[in-house]
Amino acid sequence: MATRVIMPQLGESVVEGTVVSWLKKEGERVEKEEALVEITTDKVQTEIPSIASGVLLKILVGEGETVRAGTTLAWIGEPGEVIPEADTGMSQLHAVPAAAATSVAGTVPISEAARDLGFISPVVARLAKEHQIDLTQIKGTGEGGRITKKDVLAYLEQHKEVAVETPAWETRGGGELFRLPEAQPQTSPPQPSVALQGDILIPHSAMRLAIAEHMTRSKRTSPHVTTVMEADMSAVAAHREAHQAQFARDGVRLTYTAYFISAIVTALKAYPQVNSSWSDEGLVVHQAIHIGVAVSLGEEGLIVPVIKNADGLSLLGLARAIQDLAERARSHRLQPDEVKGGTFSITNHGTSGSLFATPIIPQPQCGILGVGAIKKRPVVIHDAIAIRPMVYLSFTFDHRILDGYSADGFLAKVVSVLENWTEVG
Amino acid sequence: MLSKETKLDMYWTMLLSRRLDERSWVLHRQGRIAFHISGIGQEAAQVGAAFALRRGYDWFLPYYRDIALMIALGYTPRDFALSMMGKAEDITSAGRQMPSHWSLRSANVPSQSATVATQTSHAAGIGLAIKLHGEDKVVLTCIGEGATSQGEWYEGVNWAAVHRLPVIFLVQNNQYAISERVERQMAVPGPAAKACGLGLDGREVDGTDVFQVYEVIAEAAEKARRGEGPSLIEAKLYRITPHSSDDDDRTYRSREEVEAYKKRDPLLIAQAILEKEGILTPKKLDEMEAKAKQIVDEAVEYAEKAAYPSVEDAATHVFVEEVSHA
Amino acid sequence: MPEMTLIEAIRQAMDEEMARDPEVFIVGEDVGKRGGVFRATMGLYDKYGEHRVIDSPLAELSIVGVGIGAALYGMRPICEIQFADYIFPAFNQIVGEAARMCYRSNGTWSVPLVIRAPYGGGISGGLYHSQSVEAFFAHVPGLKVVIPSNPYDAKGLLKSAIRDPNPVMFFEPKKGYRLIRGEVPEEEYLVPIGPAKISRFGRDVSIFAYGMMHYYALQAAELLAQEGIEAEVVDLRTLAPVDKTTILESVKRTGKALIVHEDNLTLGYGAEVAAIIAEHAFTDLDAPVRRLAGPDVPGVPFSPPLQEWFMPNPQKIADAARRLAQF
Chain X
1 MATRVIMPQL GESVVEGTVV SWLKKEGERV EKEEALVEIT TDKVQTEIPS IASGVLLKIL
61 VGEGETVRAG TTLAWIGEPG EVIPEADTGM SQLHAVPAAA ATSVAGTVPI SEAARDLGFI
121 SPVVARLAKE HQIDLTQIKG TGEGGRITKK DVLAYLEQHK EVAVETPAWE TRGGGELFRL
181 PEAQPQTSPP QPSVALQGDI LIPHSAMRLA IAEHMTRSKR TSPHVTTVME ADMSAVAAHR
241 EAHQAQFARD GVRLTYTAYF ISAIVTALKA YPQVNSSWSD EGLVVHQAIH IGVAVSLGEE
301 GLIVPVIKNA DGLSLLGLAR AIQDLAERAR SHRLQPDEVK GGTFSITNHG TSGSLFATPI
361 IPQPQCGILG VGAIKKRPVV IHDAIAIRPM VYLSFTFDHR ILDGYSADGF LAKVVSVLEN
421 WTEVG
Chain G
1 MLSKETKLDM YWTMLLSRRL DERSWVLHRQ GRIAFHISGI GQEAAQVGAA FALRRGYDWF
61 LPYYRDIALM IALGYTPRDF ALSMMGKAED ITSAGRQMPS HWSLRSANVP SQSATVATQT
121 SHAAGIGLAI KLHGEDKVVL TCIGEGATSQ GEWYEGVNWA AVHRLPVIFL VQNNQYAISE
181 RVERQMAVPG PAAKACGLGL DGREVDGTDV FQVYEVIAEA AEKARRGEGP SLIEAKLYRI
241 TPHSSDDDDR TYRSREEVEA YKKRDPLLIA QAILEKEGIL TPKKLDEMEA KAKQIVDEAV
301 EYAEKAAYPS VEDAATHVFV EEVSHA
Chain D
1 MPEMTLIEAI RQAMDEEMAR DPEVFIVGED VGKRGGVFRA TMGLYDKYGE HRVIDSPLAE
61 LSIVGVGIGA ALYGMRPICE IQFADYIFPA FNQIVGEAAR MCYRSNGTWS VPLVIRAPYG
121 GGISGGLYHS QSVEAFFAHV PGLKVVIPSN PYDAKGLLKS AIRDPNPVMF FEPKKGYRLI
181 RGEVPEEEYL VPIGPAKISR FGRDVSIFAY GMMHYYALQA AELLAQEGIE AEVVDLRTLA
241 PVDKTTILES VKRTGKALIV HEDNLTLGYG AEVAAIIAEH AFTDLDAPVR RLAGPDVPGV
301 PFSPPLQEWF MPNPQKIADA ARRLAQF
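Chains as they are written, first to last, in the working numbering: chain X, 1 to 425; chain G, 1 to 326; chain D, 1 to 327.
Bound-form chain X, shown alone (with noise of 0.2 Å):
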């Protein structure tokens, strides 16, 4: 079986190299550690020596030319071995994947691209070249033997750290000496078992453990505040009352949800540093405002799926997408970009009868604002005593990030949109 030189990554943020000179000629012995080539980077210059023992079978990347990191430069082996080529079985199509295996590959010539890695598909290429995969490493099981993008996507589950073939002291380790401090996983100390006759063991769902694990460790990241204030919501209950028709017109139903969410909208714009996430360098003020709605799924537990944009939809579009995403999470048919990268959240526990709560803020977020039950209750108004049906809005922030002057802020602003809530939202 023949030997695969490659070349190597001669530097964390080095991702090609130069052949200066080849210091055996094809069909030369060459032993095991011996000088073999010259490469060149615009950081370094120095010898490779040989992996193996053997005759230099087949130079590939001649004087003078670059190419990526992980490139098949020769092989070495015994005389008459068979150099291993993937089966292409797409001669017709050549044109195509060359373009697409250039781009990933760098400067490989042409020919040598195709012959290595069969049809490239764009999603393929794409995948390569935003994750920085060397193709000639991953196997094909597609048709004639080509790549697929399912190949890639397993590919990249097997080496999440490493994304080309690197020495191994180039690679970040994964010891506990390397992790930075926050990462570190802070397991709880064991509880002692207190075991009583008649106790009966449920196993924890998935579900179960995952909810533990990220609230546990979120109070352990953020120092919790929460902040209360209440909101006359009359404006927005005429308003609802007026647009429902029309909205179930479109098929849509009309909540709650979708103008507290309008509200919060409104709010992030005016105070940015609420849609943040903290990190050491500083404060990552998000300029795209992705709300996770926390969907209650009953005794199974809950899900925060994300309504991403959501300054770019209308009041219909909003309702239309906690509809949708409500739907999809009870019947479990949520995707996995639909539960990540959200920017702030609420959650609605006032459906269950609760008044105010402390909520727990999804990491890396600032803060989750709170809905509770909205109730008729007599509030005064003008010294007079009105009915109005009112909301306790329970705001829990990061205290490393927002004080209470900006937290109080951003709050009495959603208060504010809900009770002035016009025609025109």
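None of these hints come from the bench; they were simulated from the model.
In this text the structure is predicted, and so the values were computed from the model without any measurement.
Glycine is no exception: its CB is placed at the ideal position from the N, C-alpha and C atoms.
Take these hints with a grain of salt, some might be off.
Partial chain D-side listing against chain X, Cβ under 8 Å, derived [to be verified]:
(1) R163
(2) P192
(3) E227
(4) E279
(5) F282
(6) T283
Pair ranges (Cβ atoms, derived) [claimed, not checked]:
(7) G:R225 to D:P241: 39 to 49 Å
(8) G:E215 to D:F91: 36 to 46 Å
(9) G:A114 to D:H51: 50 to 60 Å
(10) G:H133 to X:H382: 30 to 40 Å
(11) D:H280 to G:R55: 45 to 55 Å
(12) D:H51 to X:A245: 20 to 30 Å
(13) D:Q315 to G:G197: 34 to 44 Å
(14) D:F91 to G:G197: 45 to 55 Å
(15) X:M207 to D:R181: 31 to 41 Å
(16) D:F91 to G:E5: 40 to 50 Å
(17) G:A314 to X:Y405: 43 to 53 Å
Start from chain X and add chains G and D according to the hints.
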């Protein structure tokens, strides 16, 4: 009985339409508009019909020569000039359609196309809607004799006859469909003769006499309101001008024929009747001419200064957009 | 929840809308006393009378033309064309008049019209009772084109179509009239015109279909699941305006697209979907975009083996999807 004022008004409407029409030809030959299609010689049939119905209440589906009909319904020379020049203020289509593709909501004139006779079944449909609502409105639809060869026309008239709908089918037989004479269109003497084959009344009327047309249409409207169904009225007249600004009629008819028919100009006929009745004096005529010229001058001037539609709006109104959220 | 056939759901939609809005009426051949040759309007003549369920002359052009006139007046006609094969005399009125009315009058006039027609083959109808015509109309700006594949959607979409202020072509897969059954809620509901529906999520290949072909695609997906291939099935439902978002979302997920329709292949609706995918999802594609469609012959032949040769079916769909999944 028509009052003096009404008769004078009818004459004024024909005159204004004529002067506007004539000016349009001039504008075209001067290269200031792209296209014109004329109604000269057909004003009496159109104005007589319009006045016999309740304008703003009854429904009208005209055809492309119905300038005088539209003027009678409240469409103005300024509106027409704007449409000839394709300006944004064009009330029929904001410059999207060629001129003479009528549309006027206030006068119940739905938007017209150029594929002839499509308005015939629309007229039947509106007649059906009126009948289903139990209302006393009447529908007038105009067409040239050539277009009565279309299957569309037969189907529309058939519907109205079968369901006894309050529709008046006015065929303006000007004897030419572009270059083809009426004998090339039908094996019967004229469109009125088709009526009995379809099961409705057919009548001929002198289309150059505005007051005769008025009588006949008024009668047909009365009949429709009594629930006795549709009528087919053939107004016999003549197309003085070529088919349109792109046509050369010297290739298919003689100048002598045209000159002979010019003597039977509906304006001259009405003028003679009104002068005889003492309703129209030379002084009054001069006033009207001056006023007509002024209106047409102002219309053209306004339209030439008016803005074109913007391309940003060019893709709007493909669908009726529903307002979906506040 | 009550279960009913496709045709029953369609009838219910019309019945409910006629009860709700006095401007709604039905016009077509044999729709009155006969209740429609497919019984789509059965019982409605007795319930609403001859003035709201109108038997028209044998003249498709004017069924639509008269409908347009009534719609201009403010009514909401439902025009039935007995077989989609006979819609061509009305083509001028549909494409030249109904589709253009709003645009050419700059929004002054509109045509709130529904044109319903049974379409599609597989019922031994030969060349003149089996045609698919959706491609002609989906091509025209100003028309909406809707094709339901199940009773729930049929009722909800037809109600939406009747309430829509625009002209809507509503093509019903006639083979599925009594064949396709499903649950339909008793409460009032609408299905919006526009969004496609992912009726089955999958990872390995996306099958885009509508009408009878969607019904078959679901069956094909079941066959494939037994082989370990998870096909995603998307019911296009509204052909115009096209739901690009759902189509592209599905291709992003699977990387492989198969479009199925019984209409002839060349310039059928699948060509547009394929073009959309090629243009907007190029870098998500893991295989060529494929179409499975009726062959390019002028119509579905009558003789059983010939009809079988023409029509896509679950097995053919599964085969095509499998080849794509294995690419």
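(message) Going through the numbered hints above, which ones does this structure break? Give me the numbers in ascending order.
(response) Hints 3, 4, 9, 10, 13, 14 not satisfied by this model.
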